[in-house]
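2 protein chains.
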Amino acid sequence: MQHAFDQAIALEAGPDGLWQGQTSPAYANMVGPFGGITAAQVLNAVLQHPARQGDPVALTVNYCAAVADGPFAVLARPVRTNRSTQHWMVEVTQGTDTVITATVFTAMRRETWQSGEHTRPEVPAPQDVPTPAGRGRVEWLNRYELRFIEGAIPANWDGADHGTSRTRLWMRDHPPRPLDFASLAALADVFYPRVWRRRATLVPVGTVSMTVYFHAGPAELAVTGTGHVLGQAQAQAFGRGYFDQTAQLWNEAGDLLATSHQVVYYKE
Amino acid sequence: MQHAFDQAIALEAGPDGLWQGQTSPAYANMVGPFGGITAAQVLNAVLQHPARQGDPVALTVNYCAAVADGPFAVLARPVRTNRSTQHWMVEVTQGTDTVITATVFTAMRRETWQSGEHTRPEVPAPQDVPTPAGRGRVEWLNRYELRFIEGAIPANWDGADHGTSRTRLWMRDHPPRPLDFASLAALADVFYPRVWRRRATLVPVGTVSMTVYFHAGPAELAVTGTGHVLGQAQAQAFGRGYFDQTAQLWNEAGDLLATSHQVVYYKE
Numbered sequence: 002m003q004h005a006f007d008q009a010i011a012l013e014a015g016p017d018g019l020w021q022g023q024t025s026p027a028y029a030n031m032v033g034p035f036g037g038i039t040a041a042q043v044l045n046a047v048l049q050h051p052a053r054q055g056d057p058v059a060l061t062v063n064y065c066a067a068v069a070d071g072p073f074a075v076l077a078r079p080v081r082t083n084r085s086t087q088h089w090m091v092e093v094t095q096g097t098d099t100v101i102t103a104t105v106f107t108a109m110r111r112e113t114w115q116s117g118e119h120t121r122p123e124v125p126a127p128q129d130v131p132t133p134a135g136r137g138r139v140e141w142l143n144r145y146e147l148r149f150i151e152g153a154i155p156a157n158w159d160g161a162d163h164g165t166s167r168t169r170l171w172m173r174d175h176p177p178r179p180l181d182f183a184s185l186a187a188l189a190d191v192f193y194p195r196v197w198r199r200r201a202t203l204v205p206v207g208t209v210s211m212t213v214y215f216h217a218g219p220a221e222l223a224v225t226g227t228g229h230v231l232g233q234a235q236a237q238a239f240g241r242g243y244f245d246q247t248a249q250l251w252n253e254a255g256d257l258l259a260t261s262h263q264v265v266y267y268k269e
Numbered sequence: 002m003q004h005a006f007d008q009a010i011a012l013e014a015g016p017d018g019l020w021q022g023q024t025s026p027a028y029a030n031m032v033g034p035f036g037g038i039t040a041a042q043v044l045n046a047v048l049q050h051p052a053r054q055g056d057p058v059a060l061t062v063n064y065c066a067a068v069a070d071g072p073f074a075v076l077a078r079p080v081r082t083n084r085s086t087q088h089w090m091v092e093v094t095q096g097t098d099t100v101i102t103a104t105v106f107t108a109m110r111r112e113t114w115q116s117g118e119h120t121r122p123e124v125p126a127p128q129d130v131p132t133p134a135g136r137g138r139v140e141w142l143n144r145y146e147l148r149f150i151e152g153a154i155p156a157n158w159d160g161a162d163h164g165t166s167r168t169r170l171w172m173r174d175h176p177p178r179p180l181d182f183a184s185l186a187a188l189a190d191v192f193y194p195r196v197w198r199r200r201a202t203l204v205p206v207g208t209v210s211m212t213v214y215f216h217a218g219p220a221e222l223a224v225t226g227t228g229h230v231l232g233q234a235q236a237q238a239f240g241r242g243y244f245d246q247t248a249q250l251w252n253e254a255g256d257l258l259a260t261s262h263q264v265v266y267y268k269e
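Order-wise, the sequence lines are chains X and C.
Everything in the first sequence is counted per the numbering used here, starting at 2 for the first residue and increasing by one.
Everything in the second sequence is counted per the numbering used here, starting at 2 for the first residue and increasing by one.
The following block holds chain X by itself, in its conformation from the complex:
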């Protein structure tokens, strides 16, 4: 049986170069789908495109409007193809509405000097960190195995200022699925809103824009396989309705697979 993630990101080549997709109830959020699955769908439109060259290096997804449950169309357009790199513009539409815009950069990468300067923090091994009991408050949370080391979703919404917005957790698809670029993009958005962590207050929120830089290539993805990914996320500033989030994702071997950033709307 196909994994729920593969079902969710499946796109059908439609007329006029448009890909046709469908929101997945398995990845439903409070309103509309989990933003990470939308990012994976956008990336998949580029990955499946017959003109695509190379692997993804950068992905920026702008959440223009709530994606309604149901069908959507994805137009992925290579706007510039260089010798070994390619720039893409992507738009997701529902009827006449643009709900998502995105840009993707792909490249044929070659070996060079390398260094993971932001090293993985020392944390307990995944098997020594418990998974939360019970089901997630939204459906997509049940598609992930989340082992919070620090900064779990508040059990008590006490409204106190907890001084830090940092979360660290081991995570992977549930059931496990070998990591690829699309699932890595989705994992970059698994962190729940930093304002909830910092203030233990359930204010309305919505991601406005997310960027993922892929440091992993096929070798690091293969090494990761169905293993856990250590995610770390923290806000740098909250103010006048928006906060940012900076995030890092390492595998168990210590490779920095991706770095990610997003800016999120919040109320109050």
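Among the hints, erroneous ones may be present.
For chains that are exact copies, the list does not tell them apart, and a pair is met inside one copy or across any two.
[Unchecked claim] Derived pair list, reagent style EDC-like, types lysine to aspartate or glutamate, alpha-carbon separation capped at 20 Å:
1) LYS268 / ASP56
2) LYS268 / GLU118
3) LYS268 / GLU151
4) LYS268 / GLU146
5) LYS268 / GLU112
6) LYS268 / GLU123
7) LYS268 / ASP17
8) LYS268 / ASP162
9) LYS268 / ASP159
10) LYS268 / ASP129
11) LYS268 / ASP70
If you are wondering where the hints come from, they were derived from the structure by calculation, not from laboratory data.
Mind docking chain C on chain X? Use the hints.
Coordinates of chain C only, in the frame set by chain X:
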């Protein structure tokens, strides 16, 4: 006399809703213009657009090809206008070539709970940090007053691994100019390539994509005025031809004005 920065970002409303601009020799880089001035031009096309609502919150600029010295056209298109937010797609073309793609998010922001979680590091005051002697190796460097506290452009290209890619500096336009959104976007790209800092080796480089999140609003810009901005930049990973950079920009009062990220191509 008009400031060189204002001359450089000036755009003329052309036919068909296209803005017409011109590269500025004052901001010339080794090949083509300084990426920061291109980011400011892109943002300016949105800021000057008659349909624009609100202030910039997020800007992503993709450098698709070297911008040639000379004229260029900027098409800024509001793809989604919500009640208090707006999503833009921008393309810069020279002849039939797309050289830049960008997305911009603007919003009418309201007061909310706020906190600068990433606080400004303790550093000496700007007047206690010297400016480098002599002229910059490229012209645009002469348009900035750069007071390096840590991680200056290597004086000795000794090829050693310096263990860290972090740079901290006080910076502002030279001559001083009151900070605005466009000049803040440009400042986010002032940091020289992190691979040069880390390895003290002058390898070929080129920014592929840069994102800036604006935490400052009109009040913080006004407080900053012509004062110095503390910039901090560091890479998180280098590998297979690309590294990332994460950056923070604070004013002298300690406000986190912007956070920024970019991914950069490097050779060897």
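Here's how the hints hold up against the structure:
no.	hint	verdict
1	LYS268 / ASP56	between (37 Å within a copy, 17 Å between copies)
2	LYS268 / GLU118	between (35 Å within a copy, 18 Å between copies)
3	LYS268 / GLU151	neither (25 Å within a copy, 38 Å between copies)
4	LYS268 / GLU146	neither (29 Å within a copy, 38 Å between copies)
5	LYS268 / GLU112	between (45 Å within a copy, 9 Å between copies)
6	LYS268 / GLU123	neither (35 Å within a copy, 32 Å between copies)
7	LYS268 / ASP17	neither (40 Å within a copy, 38 Å between copies)
8	LYS268 / ASP162	within (16 Å within a copy, 45 Å between copies)
9	LYS268 / ASP159	within (17 Å within a copy, 51 Å between copies)
10	LYS268 / ASP129	neither (36 Å within a copy, 41 Å between copies)
11	LYS268 / ASP70	neither (24 Å within a copy, 45 Å between copies)
When held up to the earlier numbered hints, the structure conflicts with 3, 4, 6, 7, 10 and 11 and fits the remainder.
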